[in-house]
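**Q** So the chains spell out like this:
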Amino acid sequence: MDAVNIALGVLFTTPAIFAAFAGVAYGIVGGAMPGISPSVAMALLVPFTLTMDPTTAIILLASVYVGAEYGGSIPAILINTPGTNAAAATTIDGYALHQQGRGGEALGISLMAGVVGGLVGVIALVVLTEPLAKLALAFTPPAYFALGILSLSVIASLTEGSLVKGLISGVIGLMIATIGSDPISGVTRFTFGIPEVYGGINFILIMMGVFAVSELLIQVSLVDRERAGRDTRIKLPSLKSWKRLWLPVSVGSGMGIFEGITPGGGGAVASFLSYNEAKRWSRHPEEFGKGSIEGIAAPEAANNTVAGTALIPTLSFGIPGSNSTAVLLGALLVHGMQPGPMLFTQNPDVMYGLYGGLFVANIAQLAIGMLIMTPCIWLVNRPKRYRLAIIYALVFSGVYSIDNSAFDLIIVLMAGVLGYVMKLLKFPMLPLVLGLMLGYMVEANFRRSLMVSSGDPIIFFQDPISLGLLVLSGLMIFGSAIWPALKKLYRQRTAAS
Amino acid sequence: MTFVNKDIAAGIVLVILAVAYWLGADSIPKSLLEGGVGAEALPKMLGILLLILSAVLVLQTILARRQKAEAAAVEEDDADDDAPAVSNYHKHARALGLLLIGIGYIILVETVGYIIGVAYLLAAVTLFAGGASRRTVILFAVLGAVFFWVLFVEILGIHQPQGFWPKLWHQVTQAQSISPAYSATSATL
Chain A
131 MDAVNIALGV
141 LFTTPAIFAA
151 FAGVAYGIVG
161 GAMPGISPSV
171 AMALLVPFTL
181 TMDPTTAIIL
191 LASVYVGAEY
201 GGSIPAILIN
211 TPGTNAAAAT
221 TIDGYALHQQ
231 GRGGEALGIS
241 LMAGVVGGLV
251 GVIALVVLTE
261 PLAKLALAFT
271 PPAYFALGIL
281 SLSVIASLTE
291 GSLVKGLISG
301 VIGLMIATIG
311 SDPISGVTRF
321 TFGIPEVYGG
331 INFILIMMGV
341 FAVSELLIQV
351 SLVDRERAGR
361 DTRIKLPSLK
371 SWKRLWLPVS
381 VGSGMGIFEG
391 ITPGGGGAVA
401 SFLSYNEAKR
411 WSRHPEEFGK
421 GSIEGIAAPE
431 AANNTVAGTA
441 LIPTLSFGIP
451 GSNSTAVLLG
461 ALLVHGMQPG
471 PMLFTQNPDV
481 MYGLYGGLFV
491 ANIAQLAIGM
501 LIMTPCIWLV
511 NRPKRYRLAI
521 IYALVFSGVY
531 SIDNSAFDLI
541 IVLMAGVLGY
551 VMKLLKFPML
561 PLVLGLMLGY
571 MVEANFRRSL
581 MVSSGDPIIF
591 FQDPISLGLL
601 VLSGLMIFGS
611 AIWPALKKLY
621 RQRTAAS
Chain B
592 MTFVNKDIAA
602 GIVLVILAVA
612 YWLGADSIPK
622 SLLEGGVGAE
632 ALPKMLGILL
642 LILSAVLVLQ
652 TILARRQKAE
662 AAAVEEDDAD
672 DDAPAVSNYH
682 KHARALGLLL
692 IGIGYIILVE
702 TVGYIIGVAY
712 LLAAVTLFAG
722 GASRRTVILF
732 AVLGAVFFWV
742 LFVEILGIHQ
752 PQGFWPKLWH
762 QVTQAQSISP
772 AYSATSATL
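Going down the list, the protein sequences come from chains A and B.
Residues are numbered in our numbering as their position in the first sequence, beginning at 1, plus a constant of 130.
Residues are numbered in our numbering as their position in the second sequence, beginning at 1, plus a constant of 591.
Heads up, some of the hints might be wrong.
Stated by the list, open to error - Not the full set, but computed from the structure, chain A residues with beta-carbon under 7 angstroms of chain B:
#1 Ile298
#2 Ala536
#3 Phe537
#4 Leu543
To be verified - Below, simulated DMTMM-like cross-link-like pairs (lysine to aspartate or glutamate); rule was C-alpha separation at most 25 angstroms, straight line:
#5 B:Lys635 <-> A:Glu326
#6 B:Lys621 <-> A:Asp533
#7 B:Lys758 <-> A:Glu260
I should point out that these hints are in silico values taken from the structure, not numbers from a laboratory.
As the structure is a prediction and not an experimental result, all values here were calculated from the model.
Glycine included, C-beta positions come from ideal geometry on N, C-alpha and C.
With the rest of the complex left out, here is chain A:
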């Protein structure tokens, strides 16, 4: 009951409720624009949230995530181009329905399934986060070090692409984190005499560079996409349609809970898995791919559920499973909050306010989603040149506002080039950002532990939690390394038989 009172108090005494509305509206528009993923939309906002109170800032960013997951389905349905990766599964039946002249109905199903999925995600977040966070109470410095290593191993192993590249990306992130004063003795490292980096490199700059600037560098050479065409009015599903929709929405929400909690899963995996499951469970599987309303409801419920449940590992242990939650974790750290049980004791207003804000954001999505459709389609239809110019200006305006330093703009451009090269070479970016964010925690706890044991590394294997987490890290990396070989062997055997 206290939690409800705190949440209501936050919502009615701070600008948090406006942040929830504004965040959803901005997120829908951002998600609807091809090339702007939820993480880019969120990263662009982070610098402007630094002057806000932490509760409003976190609610604003989380609401952007909620809005962007729905926004991604608008171009997926209208122009067969998903605005976000998670909306890719929606293109299959959404675009088919639009071609049949039922685009408004497809958008309505996407919106309603998203709202229901989003609310399920918030409930799972409320129920699961605090108990999981309490586990972290037993953590000692060796255990925190091991948790940092586990986070990096999990993300490097589970993100798309090569394991070695994921690990290299994580190591580079940790290396960037070593620039500046060291966490124990204050010795400056790798600063090359540049005073601006004595205090380290702010990870927000790297996030803005690798997520936003690198995307601009890629987008500038891409051909402008098809236009969304004329205005389409949303038509919400009727009660009769709901009789067919409740099952795929339930399947999508269930899948979203599971995938959101699993680091590396994310909205895209959840939406494709739920699409397949919904087809398997459907009474009309033959309609899938030709304009099935169930084929829209399942993935949209799934990716909106993930917008809530992906916050569970982020808030409990500081393990962000996706780029978007990494941005949110970055915002938490910048506002001086550490994920884990202390969040609930030291910042209950932020945590319970976030729950309340996400609840409001999901409900508000219904109204905003309908009201914003016309301006949203207008914005999506603007030529790419204007979009690129505005995002570039937003990046520079936001970055300068962090420390009033032109040097930060140079760092952002350098990080943009790094992100561009990494994308070309197919190196995942999430481990890099995570390495950078966790660098301080990993090194400080590594050295504190070794100070206690007088330099003997056995301390990491004496602490049972640390031992367990390190063994799990080893298993994750080993498992990911041998998994492709096992798959190949299985394929060869089945082919031979």
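Could you slot chain B onto chain A? The hints should help.
**A** Same frame as chain A, now just chain B:
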């Protein structure tokens, strides 16, 4: 250059980076406060780890190249990357152009101030991306710059570079306050 060659090149660059980073870590000065484990401990470990991982990447890629079937599949993947039908050289040149526009903004903005800097950025990016008439670009840049200035500086109160304008304004107002006194003195004389 095929995708496989790119990976080998990246691996070699990373090996060089790992060695340079380790040498940098080795030259970190000792501190009396460090208590057993120095500031160079983790960086040295990271340098070694990067060296091993980069070597594994190079070896893995060389082995993969030997398997012709896999190499063919990778090339197909690579072809997909170029789906927008623009050559790699053209892609990098466009990215470099956009980057140079950004560098131009960084050089300009502290001198000419935020509003002119943003107008330049909006105009330069729109012209560079192509397809817009000059008149539209000018209108977009001016209106856009005013919008950004009003939103960030006036409404949100976010500090942005002011350029030489405050200094110029100060000199103009000083000159104005001196000139009536000067004329009054000349008149008495």
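**Q** Each hint: holds or not?
**A** Verification of the hints:
1. Nearest Cβ of chain B to the Cβ of Ile298 of chain A: about 5 angstroms, under the 7 angstroms cut. The hint holds.
2. Because the smallest distance between the Cβ of Ala536 of chain A and any Cβ of chain B comes to about 5 angstroms, under 7 angstroms, the interface hint for this residue holds.
3. With its C-beta approaching chain B no nearer than about 9 angstroms, Phe537 of chain A sits outside the 7 angstroms limit, and its interface hint is violated.
4. Using the Cβ-Cβ criterion of 7 angstroms, the hint placing Leu543 of chain A at the interface with chain B is satisfied: the shortest such distance is roughly 5 angstroms.
5. In summary, the hint linking Lys635 of chain B to Glu326 of chain A is supported, as the alpha carbons are separated by about 24 angstroms, within the 25 angstroms threshold.
6. Among the hinted pairs, Lys621 of chain B with Asp533 of chain A is inconsistent with the structure: their alpha-carbon atoms are about 31 angstroms apart, more than 25 angstroms.
7. Using a Cα cut-off of 25 angstroms, the hinted pair Lys758 of chain B and Glu260 of chain A is violated, with the two alpha carbons roughly 55 angstroms apart.
Of the numbered hints given earlier, the model fails hints 3, 6 and 7; all others are met.
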